[in-house]
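S.K.: Here are the chains, one letter per residue:
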Amino acid sequence: MTIPKERHVLVVFPHPDDEAFGVSGTIATHIKQGTPVTYACLTLGEMGRNLGNPPFATRESLPQIRKKELLASAEAMGLTDLRMMGLRDKTVEFEDDEKMVGMMTDLITELNPSLVITFYPDLSVHPDHEATARAVVRAVRRMKDRPKLHCVAFANNTLEVLGDPDIVYDITAVRDQKMDAMKAHISQTAWMLEEMEHKLAQGDAETENWLTKERFYNYRWNQDFEESF
Amino acid sequence: MELVEVKKLQVELDAFANRDVYLHLETTNGSYATHFNEGFFNAGAFIRNVVINYELGKVVGESPHRVGLKLPHGWVYAQGITHYELDEQGRLLLAGHDGTGKLAVALQISETPFSY
Chain P
1 MTIPKERHVL
11 VVFPHPDDEA
21 FGVSGTIATH
31 IKQGTPVTYA
41 CLTLGEMGRN
51 LGNPPFATRE
61 SLPQIRKKEL
71 LASAEAMGLT
81 DLRMMGLRDK
91 TVEFEDDEKM
101 VGMMTDLITE
111 LNPSLVITFY
121 PDLSVHPDHE
131 ATARAVVRAV
141 RRMKDRPKLH
151 CVAFANNTLE
161 VLGDPDIVYD
171 ITAVRDQKMD
181 AMKAHISQTA
191 WMLEEMEHKL
201 AQGDAETENW
211 LTKERFYNYR
221 WNQDFEESF
Chain Y
230 MELVEVKKLQ
240 VELDAFANRD
250 VYLHLETTNG
260 SYATHFNEGF
270 FNAGAFIRNV
280 VINYELGKVV
290 GESPHRVGLK
300 LPHGWVYAQG
310 ITHYELDEQG
320 RLLLAGHDGT
330 GKLAVALQIS
340 ETPFSY
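As they're listed, the protein sequences go chains P and Y. Letter by letter, the first sequence follows residues 1 to 229 in the numbering used here. Letter by letter, the second sequence follows residues 230 to 345 in the numbering used here.
Be aware that a few hints might be false.
[Stated by the list, open to error] Capping the alpha-carbon separation at 30 Å, the derived lysine-lysine pairs in DSS-like fashion look like this:
(1) LYS299(Y) x LYS236(Y)
(2) LYS213(P) x LYS67(P)
(3) LYS68(P) x LYS237(Y)
(4) LYS183(P) x LYS213(P)
(5) LYS68(P) x LYS199(P)
(6) LYS5(P) x LYS144(P)
(7) LYS183(P) x LYS331(Y)
(8) LYS5(P) x LYS213(P)
(9) LYS237(Y) x LYS199(P)
(10) LYS148(P) x LYS213(P)
(11) LYS237(Y) x LYS331(Y)
(12) LYS331(Y) x LYS67(P)
No lab work stands behind these hints: they were computed from the structure.
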């Protein structure tokens, strides 16, 4: 599937590195095609647990490390409009719901994107992911002219609930950029990348597939996660 | 951070006793624990920037250590502490890292509030 040209793409995720795993190839492709992309990252991943043993960071120094990594990831993707939204990791679901909707509404109103990318509500595992997804869906639902909404889902029951993803992009052309985006978040990805390179060396098809394809679901407004809010 | 040496850490704990200090305490299995192991019961707790005043702070046990703070009307304690540091801002940061380098518990004390 080729990636259509958009007016503007808005990506909303809560943690530095959320963009790298699932959508960095798509982001890099949009940017190559001349589509402006904004990444709104809600937190600095302050609660990340990978601190090393012996530790390379403390609970207090981690946010600054992850901020630098986020900037490096943006650079790897060619992304110039990075918004750090100032929330704290693992607290997003406890924020005022209406405030969260307001944050998303403000971004969408300002940027007028034709496509918004976030997580799929109820199928994105981490409480911050779920809270982000809920806020984005609620904001878009209230709009007269809704932008397209593409969602990343990776809960264990995703296939059961949604079936196969309806959007699968071939990102082979920007494979290196995706790898560089993941490497940028080295404090969190080092262990995983090591395992991945081992699998790639063995010719593991699933891993290769993951680096060359990115998958999304169109949000199903006819099966909305809540009736209204 | 360095590995806990009980005598050295005890000196640092004593230095914060009997005055108002900001507390950070967390314990966690990570938000993905149940994703990777569906039967896993995931529990954790997080407290940040609550002011306490402890009359006695004590580090005990072989590594991983236990650290307890006795308050006029109660207690704070953390189990599983392996590392500590007095950082450049004079804050006492205690942490417990598991064998894979993941933070399992943190107990931190500071005269000034920790960042938001």
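S.K.: Each of the hints needs a verdict: does it hold here or not?
M.R.: Comparing the hints with the structure gives:
no.: 1; hint: LYS299(Y) x LYS236(Y); in the structure: holds, 18 Å
no.: 2; hint: LYS213(P) x LYS67(P); in the structure: holds, 27 Å
no.: 3; hint: LYS68(P) x LYS237(Y); in the structure: violated, 33 Å
no.: 4; hint: LYS183(P) x LYS213(P); in the structure: holds, 18 Å
no.: 5; hint: LYS68(P) x LYS199(P); in the structure: holds, 28 Å
no.: 6; hint: LYS5(P) x LYS144(P); in the structure: holds, 22 Å
no.: 7; hint: LYS183(P) x LYS331(Y); in the structure: holds, 19 Å
no.: 8; hint: LYS5(P) x LYS213(P); in the structure: holds, 18 Å
no.: 9; hint: LYS237(Y) x LYS199(P); in the structure: violated, 44 Å
no.: 10; hint: LYS148(P) x LYS213(P); in the structure: holds, 20 Å
no.: 11; hint: LYS237(Y) x LYS331(Y); in the structure: holds, 24 Å
no.: 12; hint: LYS331(Y) x LYS67(P); in the structure: holds, 19 Å
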